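Asks: Sequence:
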Amino acid sequence: MATMSSPQPYLLHRRLRHLRSISVCNASLVRGDTGLDMRWRLFPCFVVVEDTHGRVQYVSEVQEGRHSVVRFNELPVLEAAESQVVLRLVGQLPEPEFAGEWAEVARQQVDLNALHYVGHVELVDGLRELNVPVLEFADGHFAAARVPGRLADGAPGKFPARRSFSFNALLKLNKILEYMSQVEKESQQLVRQAEALLGQSESKQLGPGLDSAFGELEVQRKRKLAQLSALQDHACRLQANPDDEESFDSDYGSMYSELIQKKQRVHLLQERKLQRLIEIFTNTSLFSSPYVVVRTSTDSSPYDISLGKLELQTILDVDDRISINTILGYYLLFLDILAGKICYIPLPHRLAYYGSTSIIDNKFPLYLPTSSTQHHLDRFSEAVHLFNINIIQVRQFLNNLKDK
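FYI, in the numbering used here the residues of the sequence shown are 2 to 405.
Worth flagging that the hints you see were computed from the coordinates, not collected in a lab. Please note that the accuracy of each hint is not assured.
Taking CB as the label site, the calculated pair distances span [as the list claims (entries may be wrong)]:
hint : residue 1 : residue 2 : range
1    : E383      : H14       : 52 to 58 angstroms
2    : P349      : I323      : 40 to 46 angstroms
3    : F215      : E187      : 48 to 54 angstroms
4    : K403      : E259      : 24 to 30 angstroms
5    : I393      : A236      : 52 to 58 angstroms
6    : H19       : L171      : 40 to 46 angstroms
7    : Q64       : A100      : 17 to 23 angstroms
The calculated lysine to aspartate or glutamate pairs, modelled on DMTMM-like cross-linking and capped at a C-alpha distance of 20 angstroms, are [to be verified]:
hint : residue 1 : residue 2
8    : K342      : E280
9    : K274      : D305
10   : K364      : E383
11   : K173      : E102
12   : K310      : D362
13   : K403      : D321
14   : K364      : D337
15   : K186      : E196
16   : K364      : D379
17   : K310      : E272
18   : K310      : D379
19   : K264      : E280
20   : K403      : E196
21   : K342      : E272
22   : K342      : D305
23   : K173      : E185
24   : K310      : E383
25   : K223      : D234
26   : K342      : D362
27   : K176      : E187
28   : K274      : D337
Note that this is a predicted model, so its numbers are computed, not measured. We put the beta carbon where it would ideally sit given N, CA and C, even for glycine.
When you get a sec, could you build the whole thing from the sequences and use the hints?
Replies: Structure representation (structure tokens):
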């Protein structure tokens, strides 16, 4: 081969997707069982490209080649980015000795970034000294190593032959499949015949039982008809006596009146409890705060109570932390008693009164310590938000009671 200078390749890293063609040079089969040492150079073969994990990336068509070179140049655009691949050459052993059997002629792992430059030449006469695969990329032809051409040692029996089906084997397989389908067809026919025989025997055995069941159903039908006739007679008698309807209407009126009276008693009891609650909290500092305003005019409803929402910034601006914590505790207790013990209002968030250190939902503090951290202020802000949600719930209920 002529000596060629290495070009300046513009492929910094060769990948499988850059591959254009694969050429196999001087591939041969040797029969070593005779002294003739015969070679078959023009034998059908195909190449398989795998990654290092054994996954197949490409399988070529079967070709025979010419002048000791088999070139596979119909490669599609491969999307794989592997830089190391395994090339396998599979050839058909000659007839009549092997009757069309196929064997793996060669296997080689190729590092695409460790190839030797061969040159931009036609792979016909210039590569007679190479018996390694030659790979074509956009920047030239490359081979795995510069190895002088020589024949492989050993007989074809040493190749890991992968035997294919012969015609006789396929014929036997076809006969076996036909026999199995015939057996399956006959078994299904026997099953249908057995089911038909079982159905006839069951119908004969079930005949007396069905007659008995029909008799019982007829008796039940007659009994139901008698009950229906009795109910119709009773309905006719009720329609003939309108006094009974008047008595029923009067009973309904009296029951409704009693229910109205009991409802009024419940409302009066709630109003007394509310007045008592207001009297108790009059002695605290709650009503002097801007949060709870009770209107005590003679014509106003006892439920005319204004509940103000908490303002976070207003609370933070207060210097006396003890006073504001006490007011917040009283406000929480007032709202808890009003909703849970008097008006029976379901609150979205649970209130727990612990004096000036009350909490909401068992984790958010509704109080400010003397020195607050940012974490405590965030939890206090969440407590104010949840408490305002409860206030809105109680407000709506009180407005409905006030309008009645």
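Asks: None of the hints should be skipped; say for each whether it holds.
Replies: Tested hints:
For the pair E383 and H14, the beta carbons lie near 56 angstroms from each other, so the given range of 52 to 58 angstroms is met. The given range of 40 to 46 angstroms is broken by P349 and I323, whose C-beta atoms sit roughly 29 angstroms from each other. Between F215 and E187 the beta carbon distance is about 41 angstroms. The supplied range of 48 to 54 angstroms is therefore violated. Separated by about 26 angstroms at the C-beta atoms, K403 and E259 satisfy the suggested range of 24 to 30 angstroms.
The hinted window of 52 to 58 angstroms between I393 and A236 holds, with their beta carbons roughly 54 angstroms apart. Roughly 41 angstroms separates the CB atoms of H19 and L171, a value that falls within the hinted 40 to 46 angstroms. For Q64 and A100, the hinted distance range of 17 to 23 angstroms is satisfied, since their beta carbons lie about 21 angstroms from each other. With a C-alpha separation of about 16 angstroms, the suggested pairing of K342 with E280 holds against the 20 angstroms cut-off.
About 14 angstroms separates the Cα atoms of K274 and D305, which keeps this hinted pair within 20 angstroms; it holds. Proximity of K364 to E383 is assessed by CA-CA distance (about 10 angstroms); at most 20 angstroms being required, the pair is judged to hold. Pair hint K173 plus E102 holds up; C-alpha atoms about 18 angstroms apart against a cutoff of 20 angstroms. Note on K310 and D362: the hinted pairing holds, with a Cα-Cα distance of about 18 angstroms set against a maximum of 20 angstroms.
Among the hinted pairs, K403 with D321 is inconsistent with the structure: their alpha-carbon atoms are about 36 angstroms apart, more than 20 angstroms. Using a Cα cut-off of 20 angstroms, the hinted pair K364 and D337 holds, with the two alpha carbons roughly 17 angstroms apart. Straight-line distance between C-alpha atoms of K186 and E196 comes to about 16 angstroms, which keeps the hinted pair within the 20 angstroms bound. Between the alpha carbons of K364 and D379 the distance comes to roughly 12 angstroms, so the proposed pair stays at or under 20 angstroms and holds.
Proximity of K310 to E272 is assessed by CA-CA distance (about 24 angstroms); at most 20 angstroms being required, the pair is judged violated. Between K310 and D379 the alpha-carbon distance is near 18 angstroms, which keeps this suggested pair within the 20 angstroms criterion. For the hint pairing K264 with E280, the CA-to-CA distance comes to about 24 angstroms; that exceeds 20 angstroms, so the pair is violated. Simply put, K403 and E196 have alpha-carbon atoms about 79 angstroms apart, too far for the 20 angstroms limit, and the pair is violated.
Simply put, K342 and E272 have alpha-carbon atoms about 12 angstroms apart, close enough for the 20 angstroms limit, and the pair holds. Taking the CA atoms of K342 and D305, the gap is near 18 angstroms; set against the 20 angstroms cutoff, the hint holds. Restraint check for K173 and E185: satisfied, since their Cα atoms lie roughly 18 angstroms apart, inside the 20 angstroms limit. In summary, the hint linking K310 to E383 is supported, as the alpha carbons are separated by about 14 angstroms, within the 20 angstroms threshold.
Restraint check: the Cα-Cα separation between K223 and D234 comes to about 17 angstroms, which is no more than 20 angstroms; the hinted pair holds. Our distance criterion of 20 angstroms between C-alpha atoms is met by K342 and D362, whose separation comes to about 19 angstroms. Of the pairs offered as hints, the one joining K176 and E187 holds, with about 17 angstroms between alpha carbons and a cut-off of 20 angstroms not exceeded. For the proposed pair K274 and D337, the alpha carbon gap of about 14 angstroms is at most 20 angstroms, so the pair holds.
When each numbered hint is compared with the structure, violations occur for hints 2, 3, 13, 17, 19, 20.
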